[in-house]
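Trainee: The lines below spell out each chain.
There are 2 protein chains.
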Amino acid sequence: MATIDDVLAKIDANQTAALDRLFSLLSIPSVSTDPARAADCLRAADWLVGELKGLGFEISRRETDGKPMVVGHAKGARRDAPHVLFYGHYDVQPAEPLELWEKPPFEPRLVDAPTGQRIVGRGACDDKGQLMTFVEACRAFRETGGLPCDVSVLFEGEEEIGSPSLPGFMAKNAKELKADVMLVCDTAMWDRATPAITTMLRGLLYEEVILRGANRDLHSGLFGGAAINPIRVLSRILADLHDENGAVTLPGFYEGVDELPEEIAAQWRELDFNEEAFLADVGLSAPAGEKGRSVLEMIWSRPTCEINGIVGGFTGEGSKTVLPAEARAKVSFRLVGRQNPDKISQSFRDFVEERLPADVKAEFIGHASSPAISVATKSEALRRARRALESEWSKPALLIGSGGSIPIVGAFKRELNMDALLIGFSLDDDRAHSPNEKYERSSFHKGARSWARILAALAA
Amino acid sequence: MATIDDVLAKIDANQTAALDRLFSLLSIPSVSTDPARAADCLRAADWLVGELKGLGFEISRRETDGKPMVVGHAKGARRDAPHVLFYGHYDVQPAEPLELWEKPPFEPRLVDAPTGQRIVGRGACDDKGQLMTFVEACRAFRETGGLPCDVSVLFEGEEEIGSPSLPGFMAKNAKELKADVMLVCDTAMWDRATPAITTMLRGLLYEEVILRGANRDLHSGLFGGAAINPIRVLSRILADLHDENGAVTLPGFYEGVDELPEEIAAQWRELDFNEEAFLADVGLSAPAGEKGRSVLEMIWSRPTCEINGIVGGFTGEGSKTVLPAEARAKVSFRLVGRQNPDKISQSFRDFVEERLPADVKAEFIGHASSPAISVATKSEALRRARRALESEWSKPALLIGSGGSIPIVGAFKRELNMDALLIGFSLDDDRAHSPNEKYERSSFHKGARSWARILAALAA
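Protein sequences appear in the order of chains A and W.
Heads up: the first sequence is residues 104 to 563, going by the numbering used here.
Heads up: the second sequence is residues 104 to 563, going by the numbering used here.
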């Protein structure tokens with residue numbers, strides 16, 4: 104049987120072809136939220152089926168009410184080794200605003216930067232680039248004799264829209280999906296040189312509210328003063344969502360939010376996290392969250408309320424004296440601890456309704472709802488994975504939190520009692536969800552090497 | 104010389120051809136605020152030049168830094184009669200949102216309604232239909248022997264964007280534009296059966312504010328809580344613009360705003376204005392302006408602050424967990440009395456700046472700025488025009504206010520000491536600035552007849 108060094112050498116030798124494979128996947132605009140991209144989502148799913156079939160997986164596209172899942176299985180050399188299930192998602196965020204991209208978002212390319220080459224394109228990092236690090240590790244094993252343990256994969260196409268089809272699919276296919284450890288590659292490194300395992304993830308509640316007043320847009324001269332303006336009403340409501348200390352004012356919002364345990368707080372204090380540099384990188388200087396909290400708390404362990412989008416009235420160039428009939432906003436909440444997304448959704452809707460003046464009606468659309476997640480920090484799998492990461496990066500892997508949300512991790516814990524290892528290689532400046540998203544070529548290369556070492560370590 | 108009955112008979116006989124002429128003008132999408140429609144604005148100007156040339160006017164397109172003016176002159180039979188200058192505008196508001204139009208906005212058509220036929224299309228009322236009532240009156244005189252008095256016309260193409268080129272053009276061409284009376288057809292009737300002369304017009308200040316935070320759109324999971332959200336800042340500022348009684352909170356805003364003189368207040372109380380019906384027509388039930396004011400005060404004699412548009416972040420279908428770098432709003436103020444638009448612009452900008460947290464910068468764009476206008480109510484010309492309107496409509500013409508703004512009227516008073524007669528035939532339900540804008544066919548027909556009577560009365 105091949106040694107781990109053989110496998111790593113194969114990954115090194117495969118780099119050019121590996122990039123070509125990733126670029127094929129990146130060039131498919133699989134934007135799950137956009138109905139016009141439905142066929143592209145299917146293409147991305149089929150691409151993965153083809154790719155993994157070539158690696159010896161028994162794999163197929165599995166239909167759901169939404170985007171299909173891709174599920175596959177391959178046997179490994181050691182039957183007594185733990186069986187892993189790798190999860191990733193083939194859907195991406197919308198690329199808008201397109202005018203801010205230096206090159207078209209679905210024409211991936213390599214760009215030279217002072218810190219090395221970068222892969223640029225929508226999904227380069229989130230999650231196609233990350234997902235392919237694992238696939239390339241599997242390829243290297245395959246090409247040097249075979250996988251060290253049983254590997255299953257689950258790729259979904261609705262992660263960016265809150266994974267609506269996942270609970271039903273899991274319930275129906277629980278036995279098939281059950282494994283010993285779940286592996287996820289959708290998180291960040293601590294920094295360019297330091298690997299990390301994410302053990303706390305915030306949940307997400309995403310709501311849209313539409314306020315309607317008059318039965319049509321009005322002339323602000325002829326009706327201004329007398330007719331209610333839904334933008335004004337919406338502004339007032341959105342302004343009320345935070346108090347002067349940056350805390351969220353929804354009744355009951357902080358139920359289930361605990362103070363950080365002292366042991367974790369102490370560990371975070373020891374991280375050499377530079378608040379100034381973190382903010383300066385995106386052009387900011389002052390933390391904007393709850394007063395008296397550190398930036399790491401704000402983004403890892405405290406809940407938030409953000410207005411993700413707002414629109415109403417005339418938004419074109421120039422001026423139009425319209426008094427609009429409608430205004431809408433998208434509002435999302437990052438959740439922590441035992442915050443209950445259903446209760447907070449209700450609290451938000453009540454909050455809006457209570458503030459509506461005469462003649463204004465509200466409509467609500469729920470886009471996503473998932474609670475926060477904590478991963479066990481003392482498991483044998485985690486211990487082995489940390490060691491494997493340290494071998495690759497020559498630095499200990501840190502245990503960190505993440506402000507993002509990966510709902511599936513909670514679902515697998517609840518439904519199948521599977522613990523997850525959240526290991527990813529993105530960097531804070533990867534512009535996930537933003538124009539000119541990128542993934543470091545080193546993340547892609549050493550990410551694949553890391554997974555090879557982790558699989559070997561788990562099977563050892 | 105022909106009698107007024109001959110002229111009126113000619114207008115009646117011309118109706119079908121008159122509609123064809125109006126439809127030609129309505130089919131030109133002369134949207135002044137849209138750079139892509141610049142050539143269409145020129146086409147509309149040229150169309151008017153051709154039309155008036157055919158009526159014996161010495162007329163031409165006159166270039167400005169913006170859209171051209173159209174200026175023409177024609178001699179009348181009576182040299183001792185007052186010389187009138189008619190003002191109208193050939194530009195129109197944007198037609199968006201297009202999906203709310205039953206038919207394309209620039210394909211004008213006649214529609215049957217219980218109250219009679221309607222002309223439907225962008226500009227049908229504001230101001231192409233109104234403007235053409237005067238042109239058709241001139242045609243009828245021309246075809247029955249000639250105009251009764253000297254007539255000049257001034258058509259501009261920037262009324263809907265605040266007439267930026269007008270002050271300079273007036274200053275340069277003061278002598279040519281000077282006349283005895285200015286006539287404007289851009290206002291409303293009291294109701295379907297009752298003509299009106301508008302003697303109070305609100306001014307307009309139109310500002311755009313753009314707030315910028317981070318140097319790019321951010322992932323709300325990775326940065327939410329720590330990074331400032333410009334939509335949240337903007338919402339708070341916009342919410343602060345009104346107090347709980349509906350009054351505008353800008354410092355100094357009400358300087359120069361007088362209580363309505365008792366004589367006018369008494370006259371307005373006698374108008375059979377139905378607040379409930381006025382609001383019900385647009386789907387509303389409660390007046391939304393300053394507490395303790397009547398709806399007529401709110402729309403005619405009180406200043407307002409309206410948010411005409413707002414946009415920021417992700418506004419497409421579905422969800423995107425973005426924390427946006429930018430948010431913008433268009434905010435306009437209707438002004439009355441001696442309110443100073445420059446001072447209020449400064450007050451607004453200070454108000455915004457004072458409320459900006461660290462890391463948020465504001466940019467401002469001024470789109471329009473004009474003070475309120477009052478027209479003399481005791482002139483001989485007004486007396487004659489009222490009589491002429493009464494002859495046509497068999498009801499006395501009311502003296503009313505209007506919430507809209509026609510900046511040129513103030514400019515002509517200030518610069519050339521010309522009083523204006525604001526006489527128009529639109530109705531409150533004409534949907535000016537809204538989808539499916541219309542003009543009653545009876546307004547178009549009897550409007551032309553009204554102008555014929557007014558010209559004859561002024562020249563008598």
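For the record, the hints were derived by calculation from the structure and aren't laboratory data.
Quick caveat: nothing in here was measured; it's all calculated off a predicted structure.
Ideal placement from N, C-alpha and C gives every residue a C-beta, glycine not left out.
Mixed in with the good hints, there may be bad ones.
[Unchecked claim] Simulated DEER-style distance windows between Cβ atoms: (1) Gly271(A) / Gln449(W): 56 to 64 Å; (2) Gly271(A) / Glu210(W): 43 to 51 Å; (3) Pro200(A) / Thr218(W): 56 to 64 Å; (4) Asn377(A) / Glu358(W): 46 to 54 Å; (5) Pro138(A) / Glu210(W): 24 to 32 Å; (6) Glu379(W) / Ala139(A): 27 to 35 Å; (7) Glu420(A) / Gly219(W): 31 to 39 Å; (8) Pro364(A) / Val360(W): 56 to 64 Å; (9) Ser388(A) / Val360(W): 34 to 42 Å; (10) Glu420(A) / Asp283(W): 52 to 60 Å; (11) Glu420(A) / Glu493(W): 55 to 63 Å; (12) Tyr357(W) / Gln370(A): 39 to 47 Å.
Trainee: Indicate, hint by hint, whether the structure satisfies it.
Mentor: Quick rundown of the hints versus the structure:
1. Gly271(A) / Gln449(W): 56 to 64 Å: holds, 59 Å
2. Gly271(A) / Glu210(W): 43 to 51 Å: Given about 48 Å between the Cβ atoms, the range holds.
3. Pro200(A) / Thr218(W): 56 to 64 Å: Since Pro200(A) and Thr218(W) have Cβ atoms about 46 Å apart, the given range 56 to 64 Å is violated.
4. Asn377(A) / Glu358(W): 46 to 54 Å: holds, 50 Å
5. Pro138(A) / Glu210(W): 24 to 32 Å: holds, 29 Å
6. Glu379(W) / Ala139(A): 27 to 35 Å: violated, 45 Å
7. Glu420(A) / Gly219(W): 31 to 39 Å: holds, 37 Å
8. Pro364(A) / Val360(W): 56 to 64 Å: Holds, since Pro364(A) and Val360(W) (Cβ atoms, about 60 Å apart) stay within the stated range.
9. Ser388(A) / Val360(W): 34 to 42 Å: Holds - the Cβ-Cβ distance for Ser388(A) and Val360(W), about 41 Å, lies within 34 to 42 Å.
10. Glu420(A) / Asp283(W): 52 to 60 Å: violated, 40 Å
11. Glu420(A) / Glu493(W): 55 to 63 Å: violated, 45 Å
12. Tyr357(W) / Gln370(A): 39 to 47 Å: violated, 58 Å
Violated hints for the displayed structure, listed by number in ascending order: 3, 6, 10, 11, 12.
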